[in-house]
Amino acid sequence: MTGGRKRFEALLTVGYYSGRVVTGIGLLMLVPLAVALLYGEWNVAVDFLIGFAAALIVGYGLVHLCYAAPRRLTWLQGMVAASLSWLVAMVVAALPYWLSGHWSSYLDAMFDVMSGFTTTGLVLVQDLDHLANGVNMWRHLLTYVGGQGMVVLALTFLIREASGAYAIYVGEGKDERLLPNVRHTAQAIWFVSIAYLVVGTLLQAGAGLAIGMPADRSFFHGLWVFMAAWSTGGFAPQSSNLYYYHSLLYELVGVLVFICGSFNFALHWAVWTGNRKEIRRNIEVVSFFVTSTLLFTLVAAGMAKAGLYHTPLLMLRKGWYHLISAHTTTGFMTVFSRQFLEDWPPLPLTALIVAMLIGGSASSTAGGYKGLRVGIIAKAVAEEVRRIVAPSSAVIVTKYHHIRDIVLEDRHVRSAALIVILYTLTWLFGTLMAVQFGYPFGEAAFEAASATGNVGLSAGLVSPSMPDLLKAVYIGIMWAGRLEFMSVFALLGFLVWEVRGR
Amino acid sequence: MRNAWFVLPVAVAVWVAATASPAVALSSAELIGEARRHDGREVVYRGEVVGDVMRRGRWAVINLHDGSNALGVWLPARLAGEIELTGRYGVTGDTVEVRGSFHRACPVHGGDLDLHAESLTVVERGKRERLPFRRRRAALAGGLCLVALGLALWERQRKVAECDGGLS
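If you read the protein sequences in the order shown, they are chains A and B.
For the first sequence, our numbering assigns the number -1 to the initial residue and increments by one for each residue that follows.
For the second sequence, our numbering assigns the number 558 to the initial residue and increments by one for each residue that follows.
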């Protein structure tokens, strides 16, 4: 086969699978369409019908154009299909947003879609308190699907024939194979997530009733807040985010859900299948416990010095809550953005930035470096110290526990360090870009950490009035951070290969 | 002039009363931006009631949006009874003015920045908006759906043909 023919076939394969994923996004629009009809939001229903049809036209259009493609995916094609699907899906899913008139431009609508898909939670929506129920359903559904992975969704329901589907699955930033077959793994992820959805929605809706919300709004707010919490997304149906509810009970249910959501699907699966000891032994749980305790110490020290939130309960509801919200990369807030800058001392803010960068667990809905990598690097540092202290003839073996005992090897450390370095460089790039536009360094660093770690806490920089280029940069950062860089690099490499032929 | 001694305390009382209650309505941006300065003081704040009136026993909590932010306001449930409409899709909520104490980090309500209102005045009643049905968009949606349906059916046909080809 000639090089040109090979390149063309590779392009067709990528297009075919991207088309399948986009078709899935179109079918998803039937859910907000139903909610709009339920509430008699006729114009909103029409907008979703347009979005649904447009997504199907783009999706089926790609499938037809690329129908002759070989269906077997190589590693590179799988990763490229994953990253490209996210971009095409962003453009398509933004259509109902834009038609609603609550976003000032199509770029703003795409920003919020990418923020939802990547479970970031930064928003450019305007007048959120008057947003239709159908559009709110779409916002939260996007973040729920994005958290589990839209490719995971497509693998579960739409892509039956994919041999080599593991590549497209890994391309979406997940690498745990819960079951031998990747399609069964995708189904297991959805099984766990939907089971939590039912229980979590009931709990959150119950809390809504208890705090004085009417029944239908309790249910929908419960569903949406659950979706955002489980996906560590951070969206909320009202402009003041979780502050709107003014309730300890509501916050407590949310915290439980987003801590669970930030744990590895493999850990959930292990516990579901009876291996409860895994909770205590797993390196990511240990890592999360250690880093959150250390960082909370910094938050508490800074707050105590400033005399802010001076009782233990206030410290927990504001200091601990926002730290855990940052660490799990959820981004729920019960303070106003400006309060971070005006009221919070520098030490707690620094702790929040570090927590946002560390993030939750690998193969979860969370972003950031991930606890697994932080744990591996910590183990590697400890091993080096032991090597220095021990006699030169000593053989030092370090193990870590993640579902099973694993001997720490150089390749683990190299891979973990590489991702941590890439995240850090991306955060620095995001910070510099905002500084270059005239924003103060602290604000820029905070917001860039929030975008890089897919968190969603905001100090007020992200707003519809920010420069378009900065919006585009943040879209790129959120996308690269969620896909953990590799499939983004694969896409860039693929494009170069397609254009230059090598 | 026998009762002149009485004038001085009355004048002081009037001056204290006049300076202790700032009747100027503050914006949410001022309250959040200068929270330290206003902490514990009586303030006046005006905004649209958005979302829900959440009744909790003898109290209720509402969120008042002044165009920039929605601040939480705790008030006696009987005062909340004055509110008829709350802002949501297709509905502009009542605009109300509340007077009460401002808290930068309320010790009673989990450290929230909030107001405890003692009085509430409805400044402007809210209204339900009439949203005309967009017929052109509906027609466009119908047309696009037909195209999408055609593509979906074509895909099914190709799949069936592929399967038949594989079997023969």
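Fair warning: there could be bad hints in the mix.
As the list claims (entries may be wrong) - Here are the simulated distance ranges between beta carbons:
id, chain 1, residue 1, chain 2, residue 2, range
1, B, R615, A, D214, 17 to 27 Å
2, B, G597, A, L207, 25 to 35 Å
3, A, F6, B, R692, 40 to 50 Å
4, A, Y104, B, R615, 32 to 42 Å
5, B, G700, A, V433, 40 to 50 Å
6, B, R615, A, H308, 22 to 32 Å
7, B, V680, A, S102, 20 to 30 Å
8, B, L688, A, S103, 34 to 44 Å
9, A, D214, B, W711, 12 to 22 Å
10, A, A470, B, R612, 17 to 27 Å
11, B, A634, A, I277, 37 to 47 Å
12, B, P664, A, G440, 43 to 53 Å
In short, the hints are calculated from the structure, not lab data.
Using N, Cα and C, we set each Cβ at its ideal position, and we do this for glycine too.
Which numbered hints fail:
4, 8, 9, 10, 12
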